[in-house]
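**Q** Each chain, letter by letter, is given below.
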Amino acid sequence: MPNYSWPPMESRKQIGKRYRRVDGIEKATGRAKYNSDLNKPGMLFAAMLTSPYAHAKVRSIDTSQAEKMPGVTAVRVVAPAGTELQWVSQEIAFVSATSEEVARDAVRAIKVDYEVLPHVVREEDLSKVADRAKPAGEQVTGDPDKAFREAEVISEGMYGIPVLTHCCLEPHGQVVEWKGDQINYWPSTQNVTNIGPDLAKNLGVPATQVKVHMDHIGGGFGSKFPADRWGVECANLSKASGGRPVKLFLDRATELNIAGNRPSAFAKIRLAAKKDGTIIGWESSSWATGGMSGGGMPPIPYVFVNIPNRRMNHTAVMTNCGPLRAWRAPNHPQASFLTCSAIEDLAAKLGLDPMEVFAKNMQWVAEARRDSYLAQLKKAAEMSEWSKRWHRRGDSGPGPIKRGMGIGICTWGGLGHASNCRVTIHPDGSVIVELGSQDLGTGTRTVIAQVVAETLGLPLESIKVNLGDNSYPPSNPSGGSTTVGGVSSSSRIAAVNALEKLFEKVAPALGAQPDQLEAVDGKIQVKGNPSKNLLWGAACKKLGVQSISEMGTNDPRNPRGLNTQGVAGIQVADVSVDTETGVVTMNRMVAVQDCGLVINPRLAESQVYGACIMSICGALMEERIMDAKTGRVLNPDMEFYKLAGIGDIGEILVDLHITPENDKRGVIGLGEPPTVGGIAAIANAVANAIGVRVPTVPLTPNRVLAALQERRA
Amino acid sequence: MQAFEYANPATLQEAVAMLGSSWGEADILAGGTDLISLMKDYIHTPKRVVNIKGLKELQGITKTATGLRIGAVVTFDEVAESPLIRSEYPSIVQAVLGVASPQIRNMGTVGGDLCQRNRCWYFRQGFGTLGKDKDGTSLPPIGENRYHAIFPKGDAYFVSASSLGPPLIALGAKVKIAGPSGSREIPVEELFVVPTSNKGREVSLAPNEILTEILIPSARGVRNATYEVRHKQALDWPLATASVALRMKGSTVASAKIVLGHVGPTPVIATEAEALLAGKALTPDLAAEAGKVAVNGAKPLSGNEYKVQLTRVAVKRALMEAMKARA
Amino acid sequence: MSKHHDEREEKALRSGFSRRGFLKGVSVTSGALGSAILEEDAQAQTAGRLFGPSAVPITLNINGADQKLTVEPRVTLLDACRNHLDLTGAKRVCDRGTCGACTMIVNGKVVYSCTVLAIDVQGKKIQTIEGISQAGKPHPVSVAFVNNDAQQCGYCTPGFVMAAKGFLDRNPNVTTLEQVEKGLGGNLCRCGTYVGVRKAVLEAAKAMKGGRNA
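Protein chains in written order, with numbering that gives the first Met the number 0: chain A, 0 to 712; chain B, 0 to 326; chain C, 0 to 213.
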């Protein structure tokens, strides 16, 4: 049985190095082709007609004029008369034409008669949602009534976090060519291996007919797994247009309306505690929406899962809004925000340092992570100069600018997903690695190259990594921070297997047994006798005309110690608030995040930087704004759906908590956990600065000023 | 975008002749930063687009006997870089740099800034200039109005999006307008009007008129500044702005002009605050008092009370900035 | 319509400036759209100055070479490059002049190409991300972006690189983060790569001053 385990930390030559991403220069020179960049010969463009109403029935639809327009090749109606439309921008019809302009003109020539029906699109006031509220039933653990009777202090608060949209910069969409029994499918997807079967199922053809290819994806964040209506109809339009390729990528407004959102979360929370800050009881009544499906309860109390006495009620609200999709750590940022806000408010009520209160309550955290959290709190305090900068709630300094500090917390799984990898060593010494996976910008290609280079004792440049095609060995979708664990393990196993085969071929020439050989610094050599060696090229020549091609599989049920799950993370925010204008400015964000064995610290840090910035957007700017009367999303754009710019982020400090103990755990996914605690940290920092809780994020000037005014009143 | 005919007139006269006699027939293209988006959203569906960037009458920044002339197609970037403007009109430079995107500053023109349509999200989603639903209901007051007017007028709840309107009014500038029967000059405050119909416009131009230049009196001895309250550092619309121009007599304010931006359907002249300052030495307390007075008569909507406070602060800070500025 | 405005319109009419009158001297184009506001009998002296609404031949000078294409006047510079010339480095993201992913340099200045009509930039020098590498060597800004991992999904990256190049061309003496933040205030990233971008632009500034400017 070959030894697949990771080489010891101190002897690694490629793993752990801060390599630049291997596809970096392609992207930074504009050469990288995303599927939205494709121009296929004879390609048609498609456009879609969508609902202007949040709730309506299609009385009739007339496409005759559109069909007659010169350049139009096909029209497909997906919401025929009688269809009930449930949200603005829901798909009604698709048109393909010889140019994008004509396709759009044709969409506008389709006449639809609607019967407008009543809608509900807002959920923040539960008393106004009528029959759209679906209570999930009460959950009780321990004896919460007793805990609240015996509490030395009871702290309560109301907190809210709105619906956000993924706002992937590359919109959802694809090019599809359906010719005879072959479908060539170029989607923007996080799911190269399984999106083909999804499309096939919807088209009623065997999965074997769909060939998927994607080199790069411009953002997904959890929203790009299925083939979607637009993928299916793009294929149908291609077929109806004689097999010409058809391109359809959503426009920005449609993207923000229907291509995914993160559910909201609102909660009234009461904590029962002792004077020293120990929490003994939790009561929450929460509600949320993610569209017509309602949306699940955020996992509260978050991280402090063992708070002994709990009563929880959750209500899902069905709204006539675009449907939710998985969003980078589904439900965790909301849960962290609700929980950490409540704990910070408790600490403030007791006049205690929240660092101490968080530490004190670590007794309620899963035992496996407890020490990590305690160590991380300490590290985050040090990096953020907590002891120097923290003050009791309300900065008492002079002037209108108030400064404050706050804490947020995260946890996540991150176990490697099922992944298969093929490593091929050719007689000329070249090495190719193939996986039906995808690089979301996390650095997947680079990480795989490092693992294989390490294993084969080669420089990084000699490894060619091919991803993004469903003819490669299947890998699961990139979701749940499962990719890095999965692909690093499968490629390690495949590379070890391939190397074993190579050892068998070259052992006779070195007068040794295969198991006496090792691959180091571009040579195959005898262990303990490195002068007996063959250069890599010479060794591979021994293969004659026969390449080595070996598979490696990561099985999540037995990851062989190569990857594992369960991480802790602490974030601290340091903000300034202009109390005259309510404008919040980021001074600094500190993220201490463990992620086991780190294959490339540079790329891992980038993940955390990005996660912190996404949190800054969510804490200070981002929200989907719904109009009660018209049912429209009022800001399906990048003008009023506000994202932080380069001048809005302050300083960001990252610590990956790289320690021998963490390293020994193996690889753990990192994409999601650092996005979890930031909003909580920033909201807590603002409360600390201005002396009052701003209940609902984002912390815009209107909300900050309203909270200040309420305190004065 | 609906198909249109593109016109590239060689002379101002020709350009005027190429415009339509009613709104909707033709649109004027200068920087395009507003028009192209309006057309993409089918808010404007002109049959013809008339490019005026090539007209020589509309170019350049030049000194005149009484002050300065800025051609309508001069870009924000050219304004920000102009020594003539930088030396005398900090309030204009501050307003221009408030547009935090270099791309917009390179494209957007001063004429386009003054003539741009409003950014009310109901308007931008096809509910008309005033944002009215099919049944005639005004949507902003019953809907989401956090960025709307605290000085609404009639059914106009949107805010004028112009960056330059407030400083130009404060400085006593005029605009020159060319039409089929020749040209006319009006004070900048008369350029801005409150539309009374859902198809109305925010400026007093006729459909076949072109704003050709801005004429600004000399500001020598006039302390002037603009302060914008903005949520983001990167490109973002201001929430409230104030532009001030103070004619000084020694250390006291002889006369003051204070104009508020992004709080009403036109720039709002804060006459009470102007009167308050006259004949007094400007102190931080007086500046704060002027801010308070400036919002007298504000009628905030359900969700924009905060803008009253932001306006107070903008006035106060603009005044303090003006006192720092070179006279 | 405002009262003021109604008066203006009336004045226009009173001055004898009727629709028929003012259109004299303006040429005719074919097609229903043109005739809607144009008189059939108008003279042809400005014929060379009216284009479309159907596709018209245009020439764009992109990356130093003239490109001939036939597009409707409504086609943006971005769409002309992406859909007609296969120059797909610039990306269509917000498509409303807000995010900067489509940034190109026209006559030395950064612009949002999604908000520029292709027909409108004839005769100007247009630079796209494809044109800033020289002799196969990536531009120092591109190199600095890679060195500082100023990219993740990479979809905003070409726009950022062009914005940074345009900024540094005009401001070669950039040394502070604050300057960089102001210089790149017109671009947005969703993955959150700004930490790397800030460092990359400062590194590129040094490299370009070192004479490696393309």
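It should be emphasised that the hints constitute simulated quantities derived from the structure, not laboratory data.
Note that beta-carbon positions come from the ideal geometry of N, C-alpha and C, so glycine has one too.
Don't take every hint at face value.
[Unchecked claim] Straight line, CA to CA, 27 Å or less: simulated DSSO-like cross-link-like pairs of lysine-lysine:
| hint | chain 1 | residue 1 | chain 2 | residue 2 |
| --- | --- | --- | --- | --- |
| 1 | A | Lys16 | C | Lys205 |
| 2 | A | Lys110 | B | Lys133 |
| 3 | A | Lys359 | A | Lys267 |
| 4 | A | Lys178 | A | Lys238 |
| 5 | B | Lys298 | A | Lys628 |
| 6 | B | Lys52 | C | Lys198 |
| 7 | C | Lys124 | B | Lys55 |
| 8 | A | Lys12 | A | Lys348 |
| 9 | A | Lys32 | C | Lys198 |
| 10 | A | Lys145 | A | Lys178 |
[Stated by the list, open to error] Per label pair, the in silico range of CB-to-CB distance:
| hint | chain 1 | residue 1 | chain 2 | residue 2 | range |
| --- | --- | --- | --- | --- | --- |
| 11 | B | Arg219 | A | Thr584 | 31 to 39 Å |
| 12 | A | Arg391 | C | Thr175 | 47 to 55 Å |
| 13 | B | Gly153 | A | Gly41 | 48 to 56 Å |
| 14 | A | Ser395 | B | Ala280 | 44 to 52 Å |
**Q** Run every hint past the structure and note whether it holds.
**A** Comparing the hints with the structure gives:
1. A:Lys16 with C:Lys205: holds, 25 Å
2. A:Lys110 with B:Lys133: holds, 18 Å
3. A:Lys359 with A:Lys267: holds, 23 Å
4. A:Lys178 with A:Lys238: With a Cα-Cα distance of about 7 Å, the restraint between lysine 178 of chain A and lysine 238 of chain A holds, given a limit of 27 Å.
5. B:Lys298 with A:Lys628: holds, 22 Å
6. B:Lys52 with C:Lys198: violated, 37 Å
7. C:Lys124 with B:Lys55: Holds, at about 20 Å.
8. A:Lys12 with A:Lys348: With a Cα-Cα distance of about 52 Å, the restraint between lysine 12 of chain A and lysine 348 of chain A is violated, given a limit of 27 Å.
9. A:Lys32 with C:Lys198: This hinted pair holds, its Cα atoms lying about 26 Å apart.
10. A:Lys145 with A:Lys178: Violated, at roughly 69 Å.
11. B:Arg219 with A:Thr584: 31 to 39 Å: Roughly 36 Å apart at Cβ, these two residues keep to the hinted range, so it holds.
12. A:Arg391 with C:Thr175: 47 to 55 Å: violated, 35 Å
13. B:Gly153 with A:Gly41: 48 to 56 Å: holds, 55 Å
14. A:Ser395 with B:Ala280: 44 to 52 Å: violated, 32 Å
The structure is inconsistent with the numbered hints 6, 8, 10, 12, 14, although it conforms to all the rest.
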